[in-house]
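*Asks:* If you read the protein sequences in the order shown, they are chains H and V.
Residues in the first sequence are numbered from 346 upward in steps of one, following our numbering.
Residues in the second sequence are numbered from 346 upward in steps of one, following our numbering.
Certain hints may be false.
Claimed, not checked - Here are the simulated distance ranges between beta carbons:
{"no.": "1", "chain 1": "V", "residue 1": "E429", "chain 2": "H", "residue 2": "E509", "range": "21 to 31 Å"}
{"no.": "2", "chain 1": "H", "residue 1": "A426", "chain 2": "V", "residue 2": "E517", "range": "45 to 55 Å"}
{"no.": "3", "chain 1": "V", "residue 1": "F364", "chain 2": "H", "residue 2": "A426", "range": "49 to 59 Å"}
{"no.": "4", "chain 1": "V", "residue 1": "N412", "chain 2": "H", "residue 2": "T424", "range": "26 to 36 Å"}
{"no.": "5", "chain 1": "V", "residue 1": "E429", "chain 2": "H", "residue 2": "T424", "range": "22 to 32 Å"}
{"no.": "6", "chain 1": "H", "residue 1": "G370", "chain 2": "V", "residue 2": "Y360", "range": "52 to 62 Å"}
{"no.": "7", "chain 1": "V", "residue 1": "E517", "chain 2": "H", "residue 2": "S433", "range": "49 to 59 Å"}
{"no.": "8", "chain 1": "V", "residue 1": "E517", "chain 2": "H", "residue 2": "S393", "range": "42 to 52 Å"}
{"no.": "9", "chain 1": "H", "residue 1": "E427", "chain 2": "V", "residue 2": "K531", "range": "39 to 49 Å"}
Derived by calculation from the structure, the hints in this document are not laboratory data.
Only a predicted model underlies this, so the values are computations on that prediction, with no experimental measurement involved.
Yeah, the Cβ is synthetic: ideal placement off N, Cα and C, and Gly gets one too.
There are 2 protein chains.
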Amino acid sequence: MQEKEDWESRKRRAYERIFRDREIGYLDPDILPTLEAFFSWPNIFTKSSCSGRITVIDALMPWDRRNSTVMFKDHLGVTTAELEDLISKGALRRLWLVVQGPIVHAYAKDLNSAWELLRVCRSVGFKHSGILTKNANGFLVEVRSGVRMDHALYADRSENSALEKIVEVANEVLGKGKEKLNLLTKALQAYKLEQK
Amino acid sequence: MQEKEDWESRKRRAYERIFRDREIGYLDPDILPTLEAFFSWPNIFTKSSCSGRITVIDALMPWDRRNSTVMFKDHLGVTTAELEDLISKGALRRLWLVVQGPIVHAYAKDLNSAWELLRVCRSVGFKHSGILTKNANGFLVEVRSGVRMDHALYADRSENSALEKIVEVANEVLGKGKEKLNLLTKALQAYKLEQK
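Sequences and hints are given; from them, build the entire structure.
*Replies:* Below, the structure is given as C-alpha cells:
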C-alpha cells in the first residue's frame with residue numbers, strides 16, 4: 346500500500362503545483378481545461394505543459410538550446426511589426442521563427458495506463474507521442490503532435506519580402522495547435538466518461 | 346521457448362528484408378551501418394528507417410499527409426536551381442521546404458531493452474525518442490532527434506529573394522542530421538562492445 350499512497354500524494358502535489366504556477370504566471374492561461382482532463386484519469390497526472398507558442402530565436406539551428414537566445418516568445422501570436430522590429434536588430438547567428446504545437450508531459454502510474462493514454466492521444470492526431478522514460482513518478486509520456494514550423498529569417502529586411510505572409514502562416518500554424526489541444530481535451534474527457 | 350523463437354525469427358526476417366529493400370532501392374544508401382549497429386544488439390531489430398531527407402511539399406500545413414503532394418525528395422540535398430524550378434511551377438496550396446533528420450523505428454524484445462536503447466539514443470542527441478506502442482514484434486521505439494526545418498516558400502519567385510541562403514541552411518540542417526546519425530551508429534556499436 347505504501348507505494349500506492351506515494352504515487353497518489355505525488356499526483357496531489359502536482360495538482361496543487363498547477364494552481365501555484367497559475368498564480369505566478371508560469372502556466373499557459375489556455376491549458377488549464379486540458380490539464381484538468383488529464384488529472385480526471387485516475388492513474389495519470391501532468392508535470393509540465395505548453396499550449397503552443399511562437400518564438401523567434403537567434404541560433405545556428407532551430408533545435409539548439411545552448412548557444413541560442415530567445416528574442417521573442419508569445420502564446421497568442423506574432424505581428425508583422427514585431428517581426429520587423431526583431432529583424433532590424435540583426436542576429437549574432439541566425440534568426441529562426443519557430444512555432445511549436447502543444448506539448449504535455451504526463452506520468453502514468455502503470456504501463457497499461459500509459460498505453461491507454463497514448464491510444465487516446467494518437468486518435469486525435471498527437472502522433473508523435475511516446476513513453477520517454479520511467480522514474481519514481483511512473484511512466485513519462487510525452488504528448489506531442491506534428492504541428493510545427495521552423496522558418497529561417499534573414500537579418501536584412503529586404504530579404505524577407507514575404508514577411509506578412511510568413512506571419513499569417515505562423516499564426517495559422519499556432520491556431521492549428523490550439524485546435525488540436527481542444528480535440529485532446531474533449532477526447533480525454535470522453536474517455537473518462539466511457540470508463541464510468 | 347516458442348515465444349523466444351518467434352521473436353528471433355521475426356528479427357531474422359527483418360534483417361533479410363533490409364537487403365531485399367537495398368536491392369530494390371528502397372533503403373537509404375547511407376543508413377546500412379546504423380541498421381547493422383541496431384541489429385548487433387541481441388534484443389533489438391529495426392523495421393523502418395530514414396537517414397534524413399529534404400522534401401518540397403504542396404500542402405496547407407507541413408505535417409499534412411492527406412491533401413498534400415510531394416514535389417521533390419532527396420536524401421543528399423537540394424540546389425537553388427531545383428527550388429527555383431519548383432517555385433516557378435506554382436502550388437495548389439502552399440509550398441513547404443521540409444528537412445527531416447534521421448528516424449529509425451526499432452523493436453525491443455522486452456521493456457528493459459527498450460529503456461537501454463532509449464538511454465543510448467538520448468545520450469547522442471536523439472532526444473525526441475520514445476516508445477510508441479507494443480505489439481507482436483515487441484516494444485516499438487521511435488528514434489528521432491530535434492533536427493528539422495519546416496520553411497514556408499512562396500509561389501512567386503520574387504518573394505523568395507533569399508533563396509540561395511535558404512538552400513544553404515536546408516543543406517546544412519540535412520548535414521547535421523547525418524552527423525547525428527554517425528554519432529548514433531558509434532554509440533550503438535560502443536554499447537555492444539561494453540556488454541561483451
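*Asks:* Hint by hint, say whether it matches the structure.
*Replies:* Hint check:
Between E429 of chain V and E509 of chain H the C-beta distance comes to about 22 Å, which sits within the given range of 21 to 31 Å. For A426 of chain H and E517 of chain V, the hinted distance range of 45 to 55 Å is not satisfied, since their beta carbons lie about 30 Å from each other. Between F364 of chain V and A426 of chain H the C-beta distance comes to about 57 Å, which sits within the given range of 49 to 59 Å. With their beta carbons about 29 Å apart, N412 of chain V and T424 of chain H fall inside the hinted range of 26 to 36 Å.
Between E429 of chain V and T424 of chain H the CB atoms are about 30 Å apart, so this pair conforms to the stated range of 22 to 32 Å. For the pair G370 of chain H and Y360 of chain V, the beta carbons lie near 54 Å from each other, so the given range of 52 to 62 Å is met. A beta carbon spacing of about 25 Å between E517 of chain V and S433 of chain H contradicts the range 49 to 59 Å that was offered as a hint. Distance hint for E517 of chain V and S393 of chain H: a CB-CB separation of about 31 Å, inconsistent with the stated range 42 to 52 Å.
In this structure the supplied range 39 to 49 Å holds for E427 of chain H paired with K531 of chain V, their Cβ-Cβ distance being about 43 Å.
In the structure shown, a violation is registered for the earlier hints numbered 2, 7, 8, in ascending order.
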